[in-house]
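Colleague: Once you've looked at the hints, go ahead and assemble the two chains, each given alone in its own frame, into the complex.
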Amino acid sequence: MSDATLDGAQPRSSLLVADPRTRKRNAAEARFRAYGLGAIVISMIMLVILLFTIVTGGVGAFRQTYLEIPVALDAAQLDKNGNRDPADIRKVLTLTYGKILEQSLQQAIADKGIAVAELSAKDVSNLISKEASAQLRNRVLADPELIGQTVEARVLVNGRVDGYYKGRVSMESAARDANTSPAQLQLADALKAQGMLATEWNWSFLTSPDASDQRPEAAGVGIAILGSLYMMLVVLALAVPIGVAASIYLEEFAPKNRWTDIIEVNISNLAAVPSIVFGILGLAAFINFAGLPQSAPIVGGLVLTLMTLPTIIIATRAALKAVPPSIRDAALGVGASKMQSVFHHVLPLAMPGILTGTIIGLAQALGETAPLLLIGMVAFVKNFPSAPPDGLFEPASALPVQVYNWTQRADPAFIERASGAIIVLLAFLLCMNLLAILLRRKFERRW
Amino acid sequence: MKSAKLTVSALAVIAASATVAAARDQIQVSGSSTVLPYSTIVAEAFGENTDFPTPVVESGGSSAGLKKFCEGVGDNTIDIANASRPIKESEIEACKAAGVTDIMEVRIGYDGIVFASDIGGNDFAFTPADWFNALAAEIVVDGKVVPNPHTKWNEIRSDLPDQEILAFVPGTKHGTREVFEEKVIAAGCEESGAAEVLKAEKGEDEGASACMALRTDGKSIDIDGDYTETLARIQSAKNGIGVFGLSFYENNTDKLKVATIAGVQPSTESIASGEYPVSRPLFFYVKKQHIDTVPGLKEFAEFFVSDELAGPDGPLAAYGLVADPELATTQAAVADEATLAQ
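As they're listed, the protein sequences go chains A and B. Residue 1 is where the first sequence starts when you use full-length UniProt numbering, and the numbers rise one by one after that. Residue 1 is where the second sequence starts when you use full-length UniProt numbering, and the numbers rise one by one after that.
Treat the hints loosely; a few may be bogus.
[Stated by the list, open to error] Below 25 Å or equal to it, Euclidean Cα-Cα: the simulated DSS-like pairs (lysine-lysine) are: (1) B:Lys-255 to A:Lys-122; (2) B:Lys-88 to B:Lys-298; (3) B:Lys-298 to A:Lys-91; (4) B:Lys-88 to B:Lys-183; (5) B:Lys-96 to B:Lys-68; (6) B:Lys-183 to B:Lys-257; (7) B:Lys-219 to B:Lys-255; (8) B:Lys-255 to A:Lys-166; (9) A:Lys-321 to A:Lys-442.
[Claimed, not checked] Here's a subset of chain B near chain A, in silico, CB distances under 10 Å, partners left out: (10) Arg-24; (11) Ser-33; (12) Pro-37; (13) Tyr-38; (14) Ile-41; (15) Glu-48; (16) Asn-49; (17) Asp-75; (18) Gly-245; (19) Tyr-249; (20) Glu-250; (21) Pro-315; (22) Tyr-319.
[As the list claims (entries may be wrong)] Calculated Cβ distances over 12 Å to all of chain B for the following chain A residues: (23) Ser-14; (24) Glu-68; (25) Glu-200; (26) Met-432.
Source of the hints: derived by calculation from the structure; they are not laboratory data. All values reported here derive from a predicted model rather than from experimental measurement. Just so you know, even glycine gets a beta-carbon here, dropped at the ideal spot from N, CA and C.
If we strip away everything but chain B, and leave its shape as in the complex, we get (with noise of 0.2 Å):
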């Protein structure tokens, strides 16, 4: 009886509303929240410099946003999939298969990770290979495979502070997670010559996922909401260290301190020479089939890209975003909705 009139109910307010409900005319962005305050900072600029509405950014997270994205093409579904990776290829099938066959790939930029630590704490200089022999389930001790057996930095290198290990890692759902895996653990492990190690003895493919896995015994602790938590966990667990985003460090130098990665200062021109070996792209990917629908769609891209912008000197490099060298080469692509090849 109550979910009959419910249904009746519902059906008639929908059946109401359908009418109401014309064409949208502001742009629908979602997807990851590493890109999340870059996005809104251009939205916003975007609402004030042109006569077009402010589109409205979600966060949610790279995978989420891509999933969204490729539910279809309509009203109802978003214009713009922000992700901190690049969409893969079973994301391109799915769109696919949904009717999104025209994606344009924009990359704005990189975003540096970094390791970050309380103010009042010792200073780090991390190698890749410390940070596998500090974390990894199990690591190569004089030619054998052992369970992790560290418990503070200084057994790991003699020049390392005399501190518990205990790290701050972002949890399997973020893709800041992939890249601390593949840049930082995974290169240490090859950099240690623990790979070969695991590898002669586990086989190839078991050898790399054993190269990546992460000790359980509570040294490396996955934190699943954002850097905010990340903070908070170091601020209460002072020996604590974080994976944090650079642009999130940066609006806090006054509460981290933060620690070299072979000797290099993380900073937005160390990232974009290459020299500071973690980070990776950000993109946003755009349905080219509502440039006709949804109104300053392609505006939109064009403005992030431009140079007063996603630039060097734009405001999103003042929050902390690598500028792209090649960024010129994006404004064109962008200019002639160069869609991924299918």
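Bound conformation, chain A alone (with noise of 0.2 Å):
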């Protein structure tokens, strides 16, 4: 009670008027949220950039063109002794198929009455896929009695034209481009014209193995995602038990002593580890010493456990931590043992947390190209491999190494068939997460 206050000497603080002193605290929030909002939206940007290029380059591969043509398989070139015997048909290669193909097409333009003064008969034969005779290789193998009939084809287009449809080859960069040229894409548009030739939703891409560098229009990612699948598998059936028992020693049975210390500093540190590390130990470990056979998803399955492992470990015991010492306190108080609270108490409500944890390690897990780089998973594999337990030891690929190894190729559809199985990666990685916050969700409990 000063009455240095009264005489007016210094302004009275008013809450209605703000002092510059508040008025730089509040400039200064401000800013402070402006940055963060600034922050915010750049990440926003960036993904939506992102997103953009991926879906717009990568939406593509999900359509593909047919062209539709009866096939007239000639039986005295498919089957020459006549006697349909399955040996014999199975000495005739897809290079015969390809010519029946090119015949059947030459016909089945002629019969439209589509003029092809200006291409030469190669330009109208490379209109259909080099993977086309491959398939009517395997139809008449699977069923010889088509021989001598008339079939309907339903064949893939070369890469070019089905490019075309999906503006990705234009009319101008066609005229300089070596492998098609603009009179080919006029037939093509002639064909489509007579409705033979469609461009339609692409399944085959989810389903057929990857194809060589010349029939990019045949790749697909079917061994990858089942490669991605068996790794995943493997990582599950290894990382999660072992994870989570080693946590729950950690926080509720290890004495709490240097060693431990030493054993929790290591495990931070080893979720830090870059992961090519982890590929040279898998390469030195499992296929150099322990003699697994390269390229299979056992050994990828491996090398990403010991990479998920720490995540794993790391995110159970927090999930520990967080139950209440309430709990197991009551349990012990009612006579249960050491043991009996914490896998009847504890563990049930860590649960979430765990399964949280787990779904977000096996998400980075499915992302990883690294390690797999050094163990063979990055190749050209074409037979799907047999259901598990024997799949996992033969060649397959990975997603995220399909979407490498398509980068590389010369062919520029491969780009297109990259950014397609990028969507189909990020696709999961997208259930994975909304899977772990649906399931974090249903079982989080507060206290």
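Modeller: Here it is, written out as structure tokens:
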């Protein structure tokens, strides 16, 4: 109660009028909010650009142009002995089937009265993908009775013509392109006008195996999805039990001393080790020392297990720590053993956190490429692996390495395939993260 | 504690798996990224046309492939190494030390190396000497050795375009780099007469290596990635000139313009006839000791060099491989399982 305040020498602070210091503080807060907002806007813009480039580049992979033509399966060429013996039919190579397709296409074009004056016979036959002859051969091998008949065949068209209907190839670029020509595209347009050629939804992108550099139109992510799935199975089967057991021991049973401290620090360090290091370890330990096969999902799974373990251990320990001590005390108080208190009370309550950590660890492992480079997963694999457990030891690819593989190919059509594979991978990751959120929402308990 | 658990669990898995992982039935191929597309085309056709499974083909570079090849004999080692250069003496020694004593060398054909720039840019007609004068660290001007002063192509030769020098050359880990240095830079060094001056000044060996030393002032950029990266760099820096394999160029003729070397347009024909100077043979190496254990290995090698595939009208030539005029000799050698002279 000094008199000085009553003199009016100093302005009285008012709740209605902000003094300079308050204004300064308010400005600082406003600035901080703007920074935060700016950071979020920038990251959102980056995300939108990323998704936009991938989706615009990759959406084409989910559509594919097909040509429907009647194919006369000439018995004189396909079954020279005329006895429909599968062994003899097997001797006829895809080359012959390619010629049959070529003749059928020329016949179909002539029947429809489409002029192809400017095009050589080779350019006309190039319209059909090289994959088509293999498909036709398989169809005939599966059903030799088809020989001698005329069947409707739905065949893939060449990647350039396919690209024309997806906007990747234009008449101008075709004029400069050694692998197609405007005349070929005009022929395709004419066939489309006749209703023989159509661009449709492409399920085979998700189910078919990789294809060689000459037929990008046939390449798919089937084996890559299967390989990734197998690896995730291995990771799930190994990393979850080991990781959870290790964290329960460390959190609930282990004495707190210098050794457990060292282990704790090392687990955190392990989580930060670059993933390529695990690849080197995998090559040395699993392939060179243990003699496991190369390019096999089992090795990939083991390597990814090592990589995922620290993530799972850290998440599980955090989840266990979050269970209030009162639960443990109450269980011990009514006579439960230490183990009973952990398995009957603590673990069920920590489950949502453990599940979330596991799924996030799996999602991280799913997108990992670097360790797989060293163990031979970056390979051209055409045969599907069989069902587990045998399939785990057979060569397979994985989604992220398929992306890596395709971006290195010369034909520009593979860029589209790579973006398509990224979309598939992102869809998988999104589903896994969504599952993690749903599980957490459903089982989470608050105290 | 943790590492012990890991080891135990890993060992348990391995012990359980050792019984399952019996003899493998598909061929394993690894090596050069230049040979990779040809190898996958053949592997695919092999899988389609025979009862054998499709071989598994990995890339990774010639040296890495041969290193894996020479790791030993057995189911967990590869059967075939692709290479864009001949196997070295030291690699044969390493193979022998690991027990890989019988190696079959198969030459599949030739690959051209081309210089290409953005489709909208200037036309170029180079000689190897132009490349030496553009990219060497030190060149000879008026009989004196000076650090490379050139910044524009027309400073080298007045009929070249008025364009900044900017070249994307393959990094040192690529087999293509060796060919580029030998057949372009070193050849240009000889051709321009700079080799004599450099050797006179620095001695025989020093002079020869000075011939191939590239400038480091940002005019020559090493690309360690694949040709797709070189293409991307050219599309962002339109005045750049890149070094590509012929097959890559042939797949991207709508984006790239190719330069002539000594007046010769690169094509499978001009390379086969020997007119186009910058080419190299491509090989694959087969582990003969695996022929009895890996089903289809010999059939695959024979299939690869058959006329239908590696011949001038086959799919490999269509993709950009220059067919080997002596293919018949190679076919006979594969049929006889002829190995490298030890």
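Colleague: Each hint needs a verdict: does it hold in this structure or not?
Modeller: Hint check results:
1. B:Lys-255 to A:Lys-122: Between B:Lys-255 and A:Lys-122 the Cα gap is close to 23 Å, so the pair holds against 25 Å.
2. B:Lys-88 to B:Lys-298: holds, 23 Å
3. B:Lys-298 to A:Lys-91: Roughly 18 Å between the alpha carbons, so the hint for B:Lys-298 and A:Lys-91 holds.
4. B:Lys-88 to B:Lys-183: holds, 19 Å
5. B:Lys-96 to B:Lys-68: holds, 13 Å
6. B:Lys-183 to B:Lys-257: holds, 21 Å
7. B:Lys-219 to B:Lys-255: Holds. B:Lys-219 to B:Lys-255 sits at ~22 Å (cutoff 25 Å).
8. B:Lys-255 to A:Lys-166: It holds: about 18 Å lies between the C-alpha atoms, which stays within 25 Å.
9. A:Lys-321 to A:Lys-442: Given that 25 Å is the threshold and the Cα spacing comes to 20 Å, the pair holds.
10. Arg-24: holds, 6 Å
11. Ser-33: holds, 7 Å
12. Pro-37: Interface hint status for B:Pro-37: holds (4 Å vs cutoff 10 Å).
13. Tyr-38: Hint on B:Tyr-38: holds, closest Cβ of chain A at ~8 Å, below 10 Å.
14. Ile-41: This interface hint holds because 4 Å falls under the 10 Å limit.
15. Glu-48: holds, 4 Å
16. Asn-49: At about 5 Å, which falls below the 10 Å cut-off, the nearest Cβ of chain A leaves the hint on B:Asn-49 intact, so it holds.
17. Asp-75: Interface hint status for B:Asp-75: holds (7 Å vs cutoff 10 Å).
18. Gly-245: Holds, about 8 Å.
19. Tyr-249: Status holds, d = 9 Å.
20. Glu-250: Interface hint status for B:Glu-250: holds (5 Å vs cutoff 10 Å).
21. Pro-315: Because about 6 Å separates B:Pro-315 from the closest Cβ in chain A, which is inside the 10 Å limit, the hint holds.
22. Tyr-319: With a closest approach of 6 Å, the B:Tyr-319 hint holds.
23. Ser-14: The claim holds: A:Ser-14 sits with its nearest Cβ about 60 Å from chain B, beyond 12 Å.
24. Glu-68: holds, 22 Å
25. Glu-200: The claim holds: A:Glu-200 sits with its nearest Cβ about 24 Å from chain B, beyond 12 Å.
26. Met-432: A:Met-432 clear of chain B: closest Cβ-Cβ about 24 Å, beyond 12 Å.
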